[in-house]
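Participant: Chains as they are written, first to last, in the UniProt record's numbering: chain A, 1 to 690; chain B, 1 to 690.
No wet-lab data here; the hints were simulated from the structure. Worth double-checking, as some hints may not be accurate.
Which copy is meant is left open, so a pair is good if it fits within one copy or across any two.
Below, simulated DSS-like cross-link-like pairs (lysine-lysine); rule was C-alpha separation at most 27 Å, straight line [claimed, not checked]:
#: 1; residue 1: Lys677; residue 2: Lys249
#: 2; residue 1: Lys214; residue 2: Lys531
#: 3; residue 1: Lys249; residue 2: Lys387
#: 4; residue 1: Lys435; residue 2: Lys496
Just so it is clear, the structure is predicted and the values come from calculations on it, not from any experiment.
Number of protein chains: 2
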Amino acid sequence: MALDRLKSVADHVAGTRSPPHPFDPLSNAEIETAAHIIRREHGKIHYNAITLLEPPKKEMLKWLEDPARTPRPARIADVVAIAPGGKVYDGLVNLEEGKITKWTALEGVQPLITMEDLQVVEHICRKDPKVIEQCIISGIPKEDMHKVYCDPWTIGYDHRFGSNVRLQQALMYYRPHVDDSQYSFPLDFCPIFDADKQEIIHIDIPEVRRPLSKAKPNNYHVASIETDSGYRKDIKPINITQPDGVSFKVDGRVIDWQKWKVHVGFNYKEGIVLNNITYNDNGVIRPVFYRLSLAEMVVPYGNPEHPHQRKHAFDLGEYGGGYMSNSLTLGCDCKGAIHYLDAAFVNKAGESMTIKNAICIHEEDAGILFKHSDFRDDSVIVTRGRKLIISHIFTAANYEYCVYWIFHQDGTIQLEIKLTGILNTYAMNPGEDTKGWGTEVYPGVNAHNHQHLFCLRIDPNIDGPNNTVFQVDATQGPGDVGSFENPYGNAFFAKKTKFTTVKESISDYDGVTSRTWEMANTNKLNPYSHKPVSYKLVSREVPKLLPKEGSLVWKRAGFARHAVHVTKYSDDQLYPAGRHVPQTSGEPSRGIPEWIADGDANIENTDIVLWHTFGITHFPSPEDFPIMPAEPMTLLLRPRNFFTRNPALDVPPSYCSTPSQVAGQGAVLDAADKMSKLVVAGGEAKCCSK
Amino acid sequence: MALDRLKSVADHVAGTRSPPHPFDPLSNAEIETAAHIIRREHGKIHYNAITLLEPPKKEMLKWLEDPARTPRPARIADVVAIAPGGKVYDGLVNLEEGKITKWTALEGVQPLITMEDLQVVEHICRKDPKVIEQCIISGIPKEDMHKVYCDPWTIGYDHRFGSNVRLQQALMYYRPHVDDSQYSFPLDFCPIFDADKQEIIHIDIPEVRRPLSKAKPNNYHVASIETDSGYRKDIKPINITQPDGVSFKVDGRVIDWQKWKVHVGFNYKEGIVLNNITYNDNGVIRPVFYRLSLAEMVVPYGNPEHPHQRKHAFDLGEYGGGYMSNSLTLGCDCKGAIHYLDAAFVNKAGESMTIKNAICIHEEDAGILFKHSDFRDDSVIVTRGRKLIISHIFTAANYEYCVYWIFHQDGTIQLEIKLTGILNTYAMNPGEDTKGWGTEVYPGVNAHNHQHLFCLRIDPNIDGPNNTVFQVDATQGPGDVGSFENPYGNAFFAKKTKFTTVKESISDYDGVTSRTWEMANTNKLNPYSHKPVSYKLVSREVPKLLPKEGSLVWKRAGFARHAVHVTKYSDDQLYPAGRHVPQTSGEPSRGIPEWIADGDANIENTDIVLWHTFGITHFPSPEDFPIMPAEPMTLLLRPRNFFTRNPALDVPPSYCSTPSQVAGQGAVLDAADKMSKLVVAGGEAKCCSK
Ligand SMILES: [Co+2]
Ligand SMILES: [Co+2]
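Here chain A stands alone, though its shape is the one from the complex (with noise of 0.2 Å):
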């Protein structure tokens, strides 16, 4: 678990291996070829990032369907890099011509802040005697300023600055003692830091101000868990093995398990990226998703006093989900027999970095994948299923995303997000009042209400790339009660409105109908239903976002206003709140609003992506702290028509017998696991063997 964001020991050897996957995601080699190509011809510039530009979809489609005679997609990266004296510049490297195929200044955008940003404001902030003035006002004194940290966070938008100085706000902290958690001890005052000229410009302080909490630190650590409590002694082990290994294959980046196929790629903006999904249903290959990921999220804090309001970070595109990840543990994060996936980046000077373990493949029991018992004769199958995880952790600050994409044997895709980590709080008096904004978690602990509101992006392939988004609601039937139509008045239906353009598709989540929404090919119907094949998102957790409309997160967060828009694809279209989120001012707004225009596009059979907003509303309570137990939040892609049955009956059952094996004809199958125990809790004398 030591820090493994280590630079490459060069992985440079070319040409002995077979080429990359055109989806696989730049290797260190490749990224430093790019940084190589770039200084040629651009000199020393800093380098905020190098990734893989997806191949154009219609090629890519051509290649994926025979690999084998058209010509591979081109390598190359997409950069983002920042000269001396600020100016942005997007770039476009050729890998395999060794040309800089696009090199375009920009103006008055600001590309993500990266890790190395981040780090160096704490440093900063110490040594500035206007930060210092502010310490000693807390109570903190001049010589205690390396017991001060804080958190940079971008700084949303702020008008009195602007989006042409990259800037970031410092969350203040402090720590008696340097293993004592920070955010027990809020500082009240945000410094304003140039990252140009690498020094706070300016400090927001409260009119009433908080000094430095006097309460106890409130830890989570060993030593402190030891001398409160104690840690619970009766947890005994529950051992996962996988003698045989694992269940899946493993071709690059290729995942095959369970008739499922996908391509797991990743980049410094979404983490995770699952390309080309198919389900191999009766030997054809069907499309399902051409790429799922995690485009964009955002966290609006909702108290109204300055400076909070800036409080509302778009952790992928400000951060990047990639950048943020964890290197991951065995049997720490997952357990079993893992397969994991490094990550590789740039660092500022353009050398590439890698992430130990920034993917954990696995497989876990899954209960019960299905079973029935016929009441007349007890004769019964159970068959257990079994889930492949492919996850990622990464850490916004204060917080942590787990983020975990699950494949069913039964044709369903979760995706599940825990959130945990520590809360994002502030300072407050004693007895202050916090008018509702936000809960006291600890004395002199503030933490504000907020939102973690997640755009899905979802590429649908339902047997083609051309498909049609439905909104499904189930809906009463007409007539009342005694009417001709409807005499017993328990009619229901699922009704079905079709989107056929961009305006029409933007929709919010509706509990009372259960409504989902229907990715569906409706030139292929299912032989028995005759209903188009499709698969449906259910997603139950879709809070309305909270701040109003003309708001600045209403503004730059596009994305967020509605549950789904569905936009006709378009290769450029991958971040729904632009391409350089941090300092935006949302005017316009970038992305999603961007590409709807007039919503007049045709969205009916074609080529599209739904987008999809959820999450949750998170109202702290002191349960949360000092460090959070973690909030799950799920969402199902699920196949509707797209079968003709089950397509987990050939999952192997634990038990199946039949009317005619009970009756004593032929043997039952007894496949159940026989490491199961039967076990004498508590001691008892009998044992409760069936």
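Based on these hints, arrange chain B with the ligands on the given structure of chain A.
Facilitator: Here is chain B with the ligands on its own, set in the frame of chain A:
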């Protein structure tokens, strides 16, 4: 997996065991004692149920407080019996005094349908000339009547027959071979069975006839899968072992696990009943819930054509979730180290019966409980969670319901329900239009739309019985963007609406505001947040009851009209659709609507019960057939302002390093699971060790 509804091998040795816990279900001996006492006085009678009458809450709370010095509440058997001729009796038997203390004849009610009641119908159908005639019309020759099957259902309410005659409706099927799934061969007519006369008194015949389907059988048993496609061969075992046993202790039926204590009861209607749930908060035993159970459910079908409106089974009140419980098998239904509890019931003759292994109690790994990394130095804590699962599975004719009560270390209680089993199906002709009321899931098979609506009975005891419920809605702050109070438009807060009367508590789900309900003790404030200690109901699968106001289902299932009702506690209010559910007309509507009365009763700061209706609306698709992959549904009861900090902080971490340890001062805690293994997936030559 043999037929495990065993007659008791008389556990009649009295006096040698310690007396039962007052919440313990009646033992086999107690059941037979009750039957014996009744037989003595009333002669031969058919027993419908003999179950524990739980002690009055007032008396029980006193006993729980100080069991050593409080008189033990009496053991009372609650009896339902049917005399020859059909007269129904409700009785009470004091087992200690050997006395019948209540014996009341009831008019116009029908107690639930037992397994014995169900079993007989099929045999009578096969011999009935009118049924044989209809089978012949359907294309089944007389000599094939042994291939005709029926799932007997309660009749709902049919005004032609009323409530005085005990009825079942027989949903008819055919099996070409005894091992074929009958649900692919539904027949189109519906005999009505009179349980008193033990004969078919009527057959409902549709205007449009639908002869027996000529499609091939559609099976899921071993022989058919082996013939069709063969089984998947690439699933490697996952072994879950607990070499040191389980982490819970069992004292009778009281389970003690990770600071939780809970008494696990069971009855024929609700199945698992959890009583007196407490949490040990640093040595203080704090009551959380007095009683939790699934108290009722209703499954309305949405096809308006006669007689399908009758399909709206109340699976608990009309059949009994306990009576229909499966006998569970090691390594099939649960994995790991398992503790089972049996269930004892009475049969028609007054003998006691046992379902072996009706309740499964086991632990599972619960993934990451909490995690945080400091981005400065990668100091980190990762703690894995554990959960305790108390589960049972019941088979309601075609459907299976798997019910999991899950306790978490962070103070959360989760209820998960998995729906599996087989769709209820009806016949359709080739080319027939389902009109949107169902889906053709296989040729000739129409699976009708339906809802599964469960009613969770929550008897909160949040630091004592006097509790208050608040509805909580995530709400935008007042003031437009630019206003004084909300200058940035970002303000939002948790709007809490206190329920002071029953009327006010009648509430629906609101997905837009992520509505939750808090059960609070307003007499006790959290010392940090100054908010009342509470548990929050977080439930997101809350569809509207789709049968219309005034419809039969709406009248009979009053509880399902709204997501939440809160009533004042009363010992006799356990069953939200009434004590005897079959053939109620809904006029008056039994259960909750009766208890609401004028709705003026005070429910503030008093002993209350919260009734929560949740579930899913199910529009079938071919993927659900011929056996349905489990569809999960979940809800949480989460502590909010109940604890002063994360109560799971003392769960030993897998890995913990502090900043000073990262800097080399002192050893980090590395307790990571050493059983997990890196794998070389796909046979690559390189090992991916970290
Ligand atoms: Co949060
Ligand atoms: Co269903």
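Participant: Pop the pair lysine 435 and lysine 496 into one bin, within, between, both or neither, using alpha-carbon distances up to 27 Å.
Facilitator: So lysine 435 and lysine 496 pass the 27 Å test across copies only (13 Å; inside, 44 Å).
Participant: Under a CA distance limit of 27 Å, which applies to lysine 677 and lysine 249: within one copy, between copies, both, or neither?
Facilitator: The answer is between: 16 Å across copies meets 27 Å, while 31 Å in one copy does not.
Participant: From the Cα coordinates, with 27 Å as the cut-off, is the pair lysine 214 and lysine 531 best called within, between, both, or neither?
Facilitator: between (66 Å within a copy, 22 Å between copies)
Participant: 27 Å Cα cut-off: does lysine 249 pair with lysine 387 within a copy, between copies, both or neither?
Facilitator: within (14 Å within a copy, 31 Å between copies)
Figure legend: structure checked against the earlier numbered hints; every hint is met.
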